[in-house]
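Go ahead and model the full structure; you've got the sequences and the hints to work with.
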Amino acid sequence: MKKILISLLLVLLFVGAAFTTGQKEAAAAKEKLAPFITIYEGAGSVEIAGKVAKLIKEKLGVEIRFTSESHGVIHSRIKAEAPNFTGDMALNIGFPLMVEAKEKGWSVSYDSPSWRGAGDVWVDKDGFWWNQGNWAFVLVGNKDLLAKKGYTLPESWDELLDAKWKDQVVMPSALTSGTAFMMVYSFVTLYGLNTGKGEEAGWQYLEALNKNVAQYTRGGNVPTDLVGRGEFMLGISSDEMVMPRIRGGYPLLYKVPKEGIGFGSAGVIILKGTKKLYTCQKVTDFIGSTEFCKFWSELAGYVTKDPSVKPALYGGIPRYIPNINQAWAVANKGRLLEEWKKRIGRAPK
Amino acid sequence: MNEVAEAGIPRSSRALWQSIKDFVAARTISTTGIILFLLLATFLLWPLIAVLIKSIAGSEGFTLQHYQNFLTKPYYYQSLINTLILGVLTTSVCIGVGFIISYITIRGPRFLRKPLKMLALLPLIAPPYIFALSLIILLGRNGIITKALNLNLSIYGFSGCVIAQTLAFLPLAYLMIENSLSTLNPNLEDSAANLGASQGKILRSIIIPLVTPGILKAALIVFVMAISEFGNVAILCGRTPFLAPDIYTIVTGIEMDFSMGSVLSMFLILPCAVIFVIQNYLIKGKGYTTILGKPVAAEPRRINPAILIPFLLVSIFAGGLVLLTFGIVGMGTLTNIVGVDNTFTLNHLLDWRSNMAMMNSLRISLLSGFFGAIIGVLLAYVIVRGNFRGRTALEGIAIAGFTLPGTVLGIGYIFAFNKPPLLLTGTMMILVINCAFRFLAVGMEAGINKLHQLSIEVEEASLNLGASAATTFRRIVLPIVFPAFMYGFMYVFMTSMVSLSAVIFLVSPGQNLASVFIFQWANYGYIGLASATTYKLIAIVGASLAIIQALSRWTGLRPTAGGGGA
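So the protein sequences, as listed, match chains A and B.
Residue numbers 1 to 349, in my numbering, belong to the letters of the first sequence in order.
Residue numbers 1 to 566, in my numbering, belong to the letters of the second sequence in order.
Think of the hints as simulated: they come from the structure by calculation, not from any bench.
This structure is a prediction, so every number in the text was calculated from the model and none was measured.
Lysine-lysine pairs mimicking BS3-like chemistry, simulated, CA-CA at most 27 Å apart:
no., chain 1, residue 1, chain 2, residue 2
1, A, Lys341, B, Lys73
2, B, Lys536, A, Lys57
3, A, Lys275, B, Lys419
4, A, Lys211, B, Lys73
5, B, Lys419, A, Lys79
6, A, Lys166, B, Lys73
7, B, Lys147, A, Lys211
8, B, Lys419, A, Lys102
9, A, Lys342, B, Lys73
10, B, Lys147, A, Lys143
Given below as structure tokens:
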């Protein structure tokens, strides 16, 4: 008898599990907000993605189910899934993906009222992408460790080559991180193109820096954690987690070195084939609102399209490395990354 | 099975009916066998072949270019060498310490046996990379011990990976060695002792040789796990290259180089295959049968202090490390930023963002446990009772699936099931199938052991007495294999809950799994949240196991450890 009972119980359990697994949500009506959408989120930070999701839920009543990974990983994922995407849209993704999605027909266009007149930097002229903010990389350091050694945070990128920083610097890996790609084209621009010595001079800087780098991280903002927890003294990190981590109690210092910092655009696309187009459009409209810009600059320190909003990290537009050309970077992405792999990422240490 | 009724005997209608039933019964088994073979071929062999094909496919047909790239670039073969060293070191320490702890929990002081055993098995219900978390908190450059003792060490690299993997897979080694050690008949040792052999001599020439098959099995599994479960390694490797995390980076990162990922996978399989073959060869030569029947409970003899003390020290040290790990991860759970800002907080624990991932894990693990156990037990039945050719092959494929690196089966599933007619990528089902087929060998082996205990004559008697095949199966076979089913279920369930290496390639947005979630949190620098989620996962797995145990005890169908693992 007991055996029969337990068998019944087990069967019930599994039928239940199977049923809930196979359950499909009913398709939402066209002009109604769907209860949830699935997005790819490029911040590589569950914290930031979670706060964005929470805000959208509060304001629009739409639940955001997200996967948060580095720009590079999200890019590969979307490329691999094309043309059958499992997500409805992508937020906070890198410029290379925004451009490629338009070229390859992965995204759909939309004329969002809240983005009209924002200008070419912020919205694609054909409405295929929206730049929700320019993000950048900064130099970070651990307050306590630096003080213990009597060091100060370097003023310039050049100072990072000093042998005293050996095995004390962490930065993201260009094999996974879009931030790292941004660093590559920014340093190639700063030390190569801008000096008239050609790309090679930029690579020489990166190779010299490589001697001091202890490790290359998967995500662009991971150095804020490693440096913040005192595992390493210095880091070159994307800026979005600097503010949240300082607020969270990490003893972090940050600086925009005198040569300036590199930047990249991070934005929104709506993926072709979504069954929740209307909802995606409403989310896009909301991201173009002043309210979101304020939230975004406050949370991650990004520079947004709204000039009235001051990014928390910089207090204004930061000093950028001159002549950074994202279009050039995207066009040369494959070659630059191959070079990075050869010289640094897949070179024996 | 039963031969069709012999010719020459006059066939009454009843006898004819009987022979038809026998015939069907015989065919049922072979048909089931064929279906099972097709399933195994589809979900274990085909993904593997897909990886192989990918590794030699060029833009214009067959090419060895990718292999040439691998072998000519120092980075890659360095990665292979590192991986092998990691595997060998981890395996040696795990086997040595696993044996010592087994010895203590079976022959050592009674009061120590239970607690030590619990400690040794505890990490099985936690994700293996819990050890990477605790190592960073304790021995990182700014770790608690590092600071307290003012050490200057770096766990980012080889040493950290070896320590973490060793601790992670020690329970597995222990479980398997303990299993074979506990079936040894103490009478053998008594006799040797009475004949004047020293305890060292008994250990060397009786115990160790007798458990060698168990040790070899354990060595293979630990080796495979150590080189393929890459959570710890990815978090701790720093700039030291290893194959498994590189496969993950190459496949999911900007390179998206599936060909190179496949080549790396082939090199990850290679050492496993070599060991698999050697091990089978060695075990064949050493097929010991100790005296049959249950071991007789003999009075434990006093163990020579020269053996006892070092063994105890090692056991207590290992147990202490496990305790320390769980404690320190608990501390990570309850403090703001462990090591930086040690103020007490419940924020990490009260963070519910992992709930959905947790639910997904639970569903998928229950389903894969169920399917894995059923298929495993059916396999066992077909292998033991069938008489068709290829039964050994069937068993071999299932075991090979178990000993394949998870990383390889992960990417194999992407290649094999990303287009119709078997379009499974992006679904939950692919996760269930992957987990079920990877681990079903455990239920199968347990089932085989159980069925060997039941003479075929009992079934025949039942049939001859007029019971239908269904009744016979229900009344005779089922009660015998049910414990094997439960054992298989528990193993698949537990492993699916915590393992990472294969499923990380197969999860899709919005359908995350707990183990992947924690890994990403750890990898993106959220130690507190990763620790807290780990604890929740441990609680869920622990509670589930307790419920299953209680249910089985209540029904009197105990999932005894008689399975012996694979």
